[in-house]
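Colleague: Model the full structure from these sequences, guided by the hints.
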Amino acid sequence: MDDSFEEKFERLKVELAATYTLLARLLSRLPIPIGIPPLEEEWDPEEAIEVLARTRTSLLGPQPIEDWPRGLIDEAVLMWLTAYEVGNTMVIGAPDPWKYDAVSRVLMRVISLADAAARELGFELDSE
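Numbering that gives the first Met the number 0 puts the last residue of the sequence shown at 127; the count rises by one with no breaks.
Treat the hints as calculated values from the structure; they're not laboratory data. None of the values given here were measured: they were computed from a predicted structure. For each residue, glycine too, the CB sits at the ideal point set by N, CA and C.
DEER-style ranges, computed between Cβ atoms:
1) Glu-123 to Trp-42: 23 to 31 Å
2) Thr-88 to Pro-37: 22 to 30 Å
3) Glu-65 to Trp-97: 30 to 38 Å
4) Thr-56 to Pro-30: 12 to 20 Å
5) Ala-17 to Glu-41: 18 to 26 Å
6) Ala-93 to Trp-67: 37 to 45 Å
7) Ala-93 to Pro-63: 42 to 50 Å
8) Ala-101 to Ile-31: 30 to 38 Å
9) Ser-57 to Asp-100: 27 to 35 Å
10) Ile-48 to Ala-101: 16 to 24 Å
11) Glu-119 to Glu-6: 35 to 43 Å
12) Arg-53 to Gly-121: 19 to 27 Å
Modeller: See below:
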C-alpha cells in the first residue's frame, strides 16, 4: 500500500470505530436496551459482528417502537456490517481505491440512518 492509501485506511478505521460507537449509543437508548461490546483493547470483532447480526435478526423485533425507526436501525446496522466486511477485504485482498470510497460513503449513510432513528424515537445522539 502506498502512503496515501495507508493514511486513508487509518482514517477509515477511525470512521468505522466512530460509527460503531454511534450505533452503540443508539442501541443502548432503545426501550429495551441492546448492548454491544465496547471498543476496548480486547475488542473482539467476531463477537461484535455476532451481536450486531443478532440485533437485526432477533433483538430489534421485540422493541416497542414503530416500524419506521426499527427499519432505520436495521438498515444502519446492516450498513455498518457491510462497511466492516468491505474494509476487511482491503486488508486481506487488493486495496482498491473504490473500496475506500464505498466504505466511507456507507459509513456516512450509517450516521444519517442512526440520527434519523434517534430523532424518530425522540432523542439526539450528539447530545451525549
